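Colleague: Sequence:
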Amino acid sequence: LASYQTTIGLSSSAVRNAAIKHVTIIGGGQMGAGIAQVAATTGHSVVLVDTNEEILKKSAKGIEGSLKRVVKKKFADKPDAGAEFIAKVMANVSISTDAASVVGSTDLVLEAIVENLKIKQGLFGALDKVAPAHTIFASNTSSLPITDIASSTSRLDRFGGLHFFNPVPMMKLVEVIGTSATSQDTFDSLLAFSKALGKTPVSCKDTPGFIVNRLLVPYMMEAIRLHERGHGSKEDIDIAMKLGAGYPMGPFELLDYVGLDTAKFIMDGWVEKDPDNPLMQPSEMLNKLVAEGKFGKKTGEGFYKYK
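Quick note on numbering: our numbering labels position 3 of the sequence shown as 3, and the sequence is numbered without any gaps.
Don't read these hints as lab results, they were simulated from the structure.
Small disclaimer: the values here were computed from a predicted structure and weren't measured.
A virtual CB, placed ideally from N, CA and C, is assigned to each residue, including glycine.
Don't take every hint at face value.
[To be verified] Keeping only pairs whose Cα atoms sit at most 20 Å apart, straight-line, the calculated SDA-like set for lysine to any residue is: (1) K58 to N92; (2) K118 to T153; (3) K294 to H227; (4) K264 to Y304.
[Stated by the list, open to error] Label-pair ranges, simulated between beta-carbon atoms: (5) L243 to G104: 51 to 57 Å; (6) E292 to N166: 22 to 28 Å; (7) N116 to D77: 43 to 49 Å; (8) D77 to P278: 52 to 58 Å; (9) S154 to P282: 34 to 40 Å; (10) E292 to S180: 23 to 29 Å.
Using the sequences and the hints, build the whole thing.
Modeller: Okay, structure coming up:
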């Protein structure tokens, strides 16, 4: 009997872990579209949801454009196979403006919308009432506590974090975040799903910044402080970190790429939670640039100017 139960236990847990086949992604921005592309490419059925039909059409077009770039490399001398590949992936993606109507048959609801706690809580609170009991909820937040987002639902054991990195099709890492209430089954399912996407997952606790941003944001802030004190030019600091530490971008290039408004938003949240931590002090220079609307690459100017 013991061995029979063990077998049953293993198989049912394996079934649960393999169960994420149908994914609903909320948010048609860069992150949501990137996750949708990767999930569709790995054979998952994906519904991409946003409030606006136009945004969704743009997202679908963006996914197709990204797949065409993949095809150029992968199927350079086989145009027919390339076209078939794109058609097959795109057939796995559908779009909707009504989240509540599409979550009825989903295994995972993954949210990649604006970094606003109340909006995220409102979304998950509403979907909690209509999603099936087995459906796992996850947020792609980079800076808000998963526990706080999950508190709006009655499925604390089926709620976790899946933090992807930009651009999603290129970046291999996914931070899988478990709260104190996340069940082992849920966490294992999220790990298995990340691997099924061809990503490398790392396990994280629900602490500020998880692993990557907890180290990266203070590093970028320290670079700004170094420059503010007049101890190095932006250019020299960037070159030093690229050639001395082997980083693909220097801290100022990275800040401009991430968005100075995003970096400030994360820091402001952390300062509020841990005001005495010297690593989490605000920067006048960063605040000034953000106040002037200079957010980096997306606005054409941040620490550097972009044409």
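Colleague: Hint says 22 to 28 Å; check whether the CB-CB distance for E292 and N166 agrees.
Modeller: Holds, at about 24 Å.
Colleague: Taking 52 to 58 Å as the stated bounds, is the beta-carbon spacing between D77 and P278 within them?
Modeller: holds (57 Å)
Colleague: Has the hinted range 34 to 40 Å been met by the Cβ atoms of S154 and P282?
Modeller: Since S154 and P282 have Cβ atoms about 37 Å apart, the given range 34 to 40 Å holds.
Colleague: Given the hinted pair K58 and N92, is their Cα-Cα distance within 20 Å?
Modeller: Measuring from Cα to Cα gives roughly 17 Å; hence the hint holds.
Colleague: Please verify whether K264 and Y304 have alpha carbons no more than 20 Å apart.
Modeller: It holds: about 17 Å lies between the C-alpha atoms, which stays within 20 Å.
Colleague: Hey, K294 versus H227, does the alpha-carbon distance stay inside 20 Å?
Modeller: OK: K294 and H227 at ~18 Å, within 20 Å.
Colleague: If I claimed the Cβ atoms of E292 and S180 lie 23 to 29 Å apart, would that claim hold in this structure?
Modeller: violated (41 Å)
Colleague: Is it true that L243 and G104 lie within 51 to 57 Å of each other by Cβ?
Modeller: holds (53 Å)
Colleague: Taking 43 to 49 Å as the hint, is the beta-carbon distance of N116 and D77 inside that range?
Modeller: Holds: the Cβ-Cβ distance is about 47 Å, inside 43 to 49 Å.
Colleague: Can the restraint linking K118 and T153 be considered satisfied, given a maximum Cα separation of 20 Å?
Modeller: holds (13 Å)
Figure legend: structure checked against the earlier numbered hints; the only hint not met is number 10.
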